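S.K.: Listed below, chain by chain, are the residues.
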Amino acid sequence: MSDEPLLDVQDVVKQFAGLRAVDGVSFGVTHGAIMGLIGPNGAGKTTLFNVLSGLYRADEGRCRFRGRTITGAPPHRIARLGLARTFQNLQIFSHMTVLENVMVGRHVRSRGGLIACATRWPKARREERAIRARSHELLTMFGLEADADRHAGDLPFARQRQLEIARALATDPVLLLLDEPAAGLNPRETHELAGRIRQLGETGLTLLIVEHDMDLVMEICERIVVLNAGRVITIGTPREVQGNAEVVRVYLGEDDGVGWTTEKGGNAIAGGDQA
Amino acid sequence: MNRAHAAILIAVTVVVAVLPWVDDGKYAELQAHIGTYALIALGLGLLMGYAGQVSLGHAGFFAIGAYMSAALTTRLGASPWLALGAGAVGAAAVAAVVGIPTLRLKGHYLAMATLGFGEIVHVILMADPGGLTGAFDGLPRVGDPRIPKLLPKSLASALGGGMTGWDRAHAYVAWLFVLLAAVFAINLIRSRVGRALRSLHDSEVAAQATGVNTARTKLQVFIVSAVFASIAGSLHAHFVGQVAPSSFDLMWSIKFVMAVVLGGMASIWGPVAGTVILGSMRDVLEDWFHLSPDLDVLLFGLLVLLMMLFAPRGLGPTTTALLRRLVRRVARVRRAPA
Chain A
1 MSDEPLLDVQ DVVKQFAGLR AVDGVSFGVT HGAIMGLIGP NGAGKTTLFN VLSGLYRADE
61 GRCRFRGRTI TGAPPHRIAR LGLARTFQNL QIFSHMTVLE NVMVGRHVRS RGGLIACATR
121 WPKARREERA IRARSHELLT MFGLEADADR HAGDLPFARQ RQLEIARALA TDPVLLLLDE
181 PAAGLNPRET HELAGRIRQL GETGLTLLIV EHDMDLVMEI CERIVVLNAG RVITIGTPRE
241 VQGNAEVVRV YLGEDDGVGW TTEKGGNAIA GGDQA
Chain B
1001 MNRAHAAILI AVTVVVAVLP WVDDGKYAEL QAHIGTYALI ALGLGLLMGY AGQVSLGHAG
1061 FFAIGAYMSA ALTTRLGASP WLALGAGAVG AAAVAAVVGI PTLRLKGHYL AMATLGFGEI
1121 VHVILMADPG GLTGAFDGLP RVGDPRIPKL LPKSLASALG GGMTGWDRAH AYVAWLFVLL
1181 AAVFAINLIR SRVGRALRSL HDSEVAAQAT GVNTARTKLQ VFIVSAVFAS IAGSLHAHFV
1241 GQVAPSSFDL MWSIKFVMAV VLGGMASIWG PVAGTVILGS MRDVLEDWFH LSPDLDVLLF
1301 GLLVLLMMLF APRGLGPTTT ALLRRLVRRV ARVRRAPA
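Chains as they are written, first to last, in my numbering: chain A, 1 to 275; chain B, 1001 to 1338.
By construction, these hints were calculated from the structure, which means they are not laboratory data. Hints are supplied without guarantee of correctness; some may be wrong.
Partial chain A-side listing against chain B, Cβ under 10 angstroms, derived [as the list claims (entries may be wrong)]:
1. 31
2. 32
3. 55
4. 79
5. 93
6. 100
7. 104
8. 106
9. 116
10. 152
11. 164
12. 168
13. 228
14. 240
Far from chain B, by Cβ distances over 12 angstroms, these chain A residues were calculated [claimed, not checked]:
15. 30
16. 76
17. 111
18. 127
19. 128
20. 192
Straight-line distance between alpha carbons at most 25 angstroms, and here's what the computed SDA-like set of lysine to any residue pairs gives [claimed, not checked]:
21. 123(A) - 1148(B)
22. 123(A) - 1216(B)
23. 1106(B) - 123(A)
24. 1106(B) - 13(A)
Predicted model, so just to flag it, every value in this text is computed and none were measured. Beta carbons: idealized from backbone N, C-alpha and C, even for Gly.
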């Protein structure tokens, strides 16, 4: 087990009505790494996230997490094992308060049953207090404390993104999957996000990040997996990936012109050795 | 429990305590019946409002409690409270059998399965297998001992004696169960299990990825609602002293759902209020308006329809929202002169 990466993806295939959205993907994420997962639209990034978190069942292949096979396991079990995620299109619990959203994250780390909860059994009450305390801590960490009792749906977009990360962290994850965490954020918010991600990395948390903002990916990720049409093109450091001929071809070859450019206007991939 | 819940709880307790003495106990019997139905609606409201699932077979669970109580007390001489417990356990087991395969699936498979379940129960009651259910006439059958009372005779005597004394005792015990169930539900909703339920209502995928076992949580609530219905059935058997299939057919299952819809899903007191309206309608039509009580179904259908058109969240949540707006306006008016 010592040699095995924290997350080991092997030959994973996921198809929808004949389309192989993920077509034999293999890679590993080592403990404590901040890894990027990039690729053009439709490359299979989010599908892969859905397979990893158990929302989709892989048609072929195997995923191992912390030395255990998780392919086919239900999502709640994978979450309990320490894999948390956020969603590209926000999936906040909009009718619950900001605090309650994070408290749901503590669900896997608490155990009070229905009867104990409904009768306010002393043990359940103690647990409830602990859940509340930990959730407040996370809100403070994310600067959301003042909004604790607001409906989560009323929060501004950028704060909802933060709330999703706080909720994911409430599950005490070992590996955190972030699905386009910078989408919809302005440059200042993106900068804050980068700081936050680096901070999380320093605490020993392993991160796997799908992101379209190339500046961000190149800045914070130690290694990057590049997907195209459901397959891995290359895996390497940001510099190696930027210099890879096939990666350049995939990105430049996109005729729909979807913005694979950086904030500075240059093309992160074609630009090669950006600072 | 917040102040609003506590206030309603106290208000309901006061009304329920006083009502059996109004007009020499004229309303006590009706109050007892409405109490048993309110218990069903409360559980069904949890299922519909918080687990997002519908049961079209709750009359079946109502029947399980009623027939278990009737059969165990008359045939085996079991204590009524023991029989009530046995009915609840039986209903929970049956709910698990119906719920486990269907609640794994997305969509309204539970509604379909419970529709079938309710019909099967009704068919079994009519078929009288092994003489257990007494077919059309129900239980107790001719020659059987009577279904015993749930409460000691001394209590009925203390409450005025005679039929009225019993009616008052029944009204109190039924509403004691309703109040206990309401406290149970309020606590549940504000706990980790309740949060899990509400979260899956907002985003099932996020709930799952955050670690909520959504199928299990829905199943638990379904079982709770079945147990509430079964207890209501046991109370019904002891109150009436007689159980027959006509009290447990599909129409009843639908009435329970309608009471919840009118009162408001995702609300604790809404379904109770809906049941009070539905349950008292026959008497209101007849005594107050001198109309045929059979107009109740028509009127109730109309009420539900209007509710869906103008206040689709139902009576409870709509009232809460109106009150909240009123409080805010009053606060603003008070602040304005300063």
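S.K.: Are the hints correct? Go through all of them and say.
M.R.: Against the structure, the hints:
no. : hint             : in the structure
1   : 31               : violated (21 angstroms)
2   : 32               : violated (22 angstroms)
3   : 55               : holds (6 angstroms)
4   : 79               : holds (4 angstroms)
5   : 93               : holds (4 angstroms)
6   : 100              : holds (6 angstroms)
7   : 104              : holds (5 angstroms)
8   : 106              : holds (7 angstroms)
9   : 116              : holds (8 angstroms)
10  : 152              : holds (9 angstroms)
11  : 164              : holds (8 angstroms)
12  : 168              : holds (7 angstroms)
13  : 228              : violated (26 angstroms)
14  : 240              : violated (32 angstroms)
15  : 30               : holds (23 angstroms)
16  : 76               : violated (4 angstroms)
17  : 111              : violated (9 angstroms)
18  : 127              : violated (7 angstroms)
19  : 128              : violated (7 angstroms)
20  : 192              : holds (23 angstroms)
21  : 123(A) - 1148(B) : violated (39 angstroms)
22  : 123(A) - 1216(B) : holds (21 angstroms)
23  : 1106(B) - 123(A) : violated (33 angstroms)
24  : 1106(B) - 13(A)  : holds (24 angstroms)
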